[in-house]
Amino acid sequence: MTAAEVVARDAVTRGGTERRGRRRPPGRTVLRLLPLSPAVVLLGVFLAGPILWAFYGSLTNAALTGVAAKDPQWVGLENYTELLSDPDFLQSLWLTVIFVLVSAVLGQNLLGLGIALLMTKASKAVSAVVGVCVVAAWVLPEIVAGFVAYAFFNREGTLNQLTALFGIEGTDWLFTVPMLAVILANIWRGTAFSMMVYQAALNDVPEEITEAAMIDGAGGSKRLWYITLPMIRRSIATNLMLITLQTLSVFTLIYVMTAGGPAGASTTLPLMAYEEAFRYSDVGYGTAIAVVMLLIGAVFSVIYIRALRERKG
Amino acid sequence: MNRPAPLSVASGRRNTVAVLANVSLLVIAACFLLPLSWLILASLDPQASYQTQFPSEVSAANYTAVLTPELTFVPLLNSFLLSGGTAVVTVLAAVLAAYPLSRYQMRFNKPFLYVVLFGTCLPITAIMVPVYSLFVQLNFLDSLAATTLFMAASSLPMAIWMTKNFMDSVPVSLEEAAWVDGASAMNALARIVVPLMRPGLAVVFIFVFIQAWGNFFVPFILLLSSAKQPAAVSIFSFFGQHGAIAYGQLAAYSVLYSVPVVLLYILVSRGIGGSFAMAGAVKG
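Top line first, the protein sequences correspond to chains G and P. Using this note's numbering, the letters of the first sequence map in sequence onto residues 9 to 321. Using this note's numbering, the letters of the second sequence map in sequence onto residues 79 to 362.
Among the hints, a few may not be true.
[What the hints assert, rightly or not] Which stretches of chain P does chain G cover? Using the computed rule of at least three CB atoms under 8 Å from a CB of chain G, they are:
1. 165-174
2. 178-184
3. 203-213
4. 228-237
5. 333-340
Bear in mind the hints are in silico, worked out from the structure with no lab data behind them. Think of the CB as a built atom: it goes at the ideal place given N, C-alpha and C, for glycine as much as any other residue.
Based on the provided sequences and hints, a complete structural model is requested.
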C-alpha cells in the first residue's frame, strides 16, 4: 500500500526485463507518457519550482519590503551561518525534534497501534464507538481542533475543571507548559490516522497464523511480538514515515494554541519560518529555515525507505 | 451487536480479554470525546465560556448570530470552490498519471515514482515562503484559481501513489479483453479501470477534499481579500477579533464549518462499504 513498497518492488521486478529490451517504435513511449503531463506540469510549476527557488533564495537577502525586496543581493551562505549561531533557531530545531518524537513517533503511533489491537479483542459496538470518537478529532478541520484544544487547556478550560474535581489547582497550561499542551493536542488530533492504518493492517493478518501460534502455545505478548508485529512491519514503517512528516509541518494547531509563545517556548520550525519571512519580512532567512525543514524531511524519508528495503531483502 | 463467542478451547480467557479491551477502549473514547464536548455544548449556550458545562438554556442564538452572508455563507462557498476544485484537479491528474505508471513497464517509472515519493515527504509548510515569492512574481496572489492549482499540486504526490496502488489491484486481464476488442488505452481506463476502482478514487477524492477544506495555512498566505478567503481563514479572524468574548459564537461557527467535511466523510464511508476503515464504525 505504500509508495516505498512500490518503488522497492519495481526495483526487484525491473532488473531483468530492462536489458532484454526489444527495439520499440520511438513514438510509443512518448504516447504512453502523455497522460503524465498534467501531473508533471502541476508538480513542476508549483512544487519543484518553489523548492529550487528556495535553495537559491536562501542564499540572498530577499525581503518583502524595502530595498532588499526590489533588488535582493547574493549573500552566499550568510543566512546559514547566521542560523547556526542563532540560539532561537537551535531552540526551535530542538523543540521540533521533541514535538515530532513525542507526539508522533511515540504518542500517535503507539496509541494508534494500541487502539487497533484492542479493537481486535473488543466487541464490535465498542470498537465502532471508539472509532467514531477518535476519528472525530481527526476529521475536524485543523483550525477547529486548535480552538478546541485552546479551550481545553485554557486557564478557565475543561482540563482545570477536571483537576479541580481532584482538588488540584490548575494552571494556565498554554503558558506554563506550552510544549506539553501542543504535544497532547497533536496526539489527540492525529492518532486516528495511525489507528486506521493499523486497523487495516491487522485485518490483513491471516487468522490461521495467529491461531496456529496459539495452538503451539505462544502467549498473547509473544504472538504480538513474533507474529503480528513482524507481519505488519511495512505498515508500521509507512505509518511512521507519514506521521513524522505530517507532524514536522504542523503549523495551524500550534499557531492557534500558543502562536509559538510564550517567548518562543513552542516555536517549532514552521512557526519560526513564518515569523521570520512574514512578520519580520526577512524572506531570505525564512527561506533558509524552510530549506533546513526540507532537508530534514528528505533525510527522514531516505531513512525510512532504506529501512523498508533492508527488511525486505 | 455482540457476536456469540466462538466455540473454542480458549473462549473463557477470551471473554476476560474482551472485557478488559472494551473497558480500556471506552476510557480512551471518553478522553478523545471530552475536548469535543466543549465545542458542542458551548455552541448551544448563549452564556458559554471556556468551561465545559451544560447550558442553563439551550438556544440556537449563537448559530443565528453567525449565520450572515459575510461571516458564514461567502467563506463557506469559497471553501467549497477551493476544496472541490482542488479535489477534482488532483483526482483527474492522479488517475491519468497512475495509468502509465501502473500498466507499462518503462525505464521512466522508477525515477518518477522516487520523485513522487520524495514529494509525499515534503513538509508543505516549508515551501510556503518560496511559494509566496513565486505567487508575487507571477501575479497570482489573491487568485482562487492559482491557489486551487497549488493546493492540487501539493496533494498530487500522495494522490498519485494512492491511485497507482489502487490501480495495481485492478487485474489487467479485464483491460486486455477490451484491447482485443479494439478499445484504446484511454478508453479502457475510462470504461473499465476507473469504474472498478471507484471506491479507491472516492477515498482519494475525500482525502484531498478534507485536507483542502481544513487547510488554513495556504489560503492564509496566498489569499488576501476577505471576499475570497475560505472559512478556515475567516474563522481565524473571527477568533482574533471576538474569540475572547464570543465563545459561543466561535463554537457555533466552528461547528458550521466542520459539518460539511464530517457529513461527507460519513456519506462516502457508507457508500464505499467495507473498504474504508470508518465504514464498520458508521454502519454499527
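Outcome of the hint check:
Coverage of the segment 165-174 of chain P by chain G holds. Counting CB-CB distances below 8 Å, 5 residues qualify, and the rule asks for three or more. Here the segment 178-184 of chain P counts 5 residues with a CB under 8 Å from a CB of chain G, which clears the bar of 3, and the coverage holds. By the rule of at least three residues with a Cβ nearer than 8 Å to a Cβ of chain G, the coverage given for the segment 203-213 of chain P holds, with 10 such residues. Note: the segment 228-237 of chain P has 6 residues with beta-carbon separation from chain G under 8 Å; the three-residue rule is met and the coverage holds.
With a cut-off of 8 Å between beta carbons, the segment 333-340 of chain P has 4 residues touching chain G; three or more are needed, and the interface restraint holds.
Of the numbered hints listed earlier, not one is contradicted by the structure.
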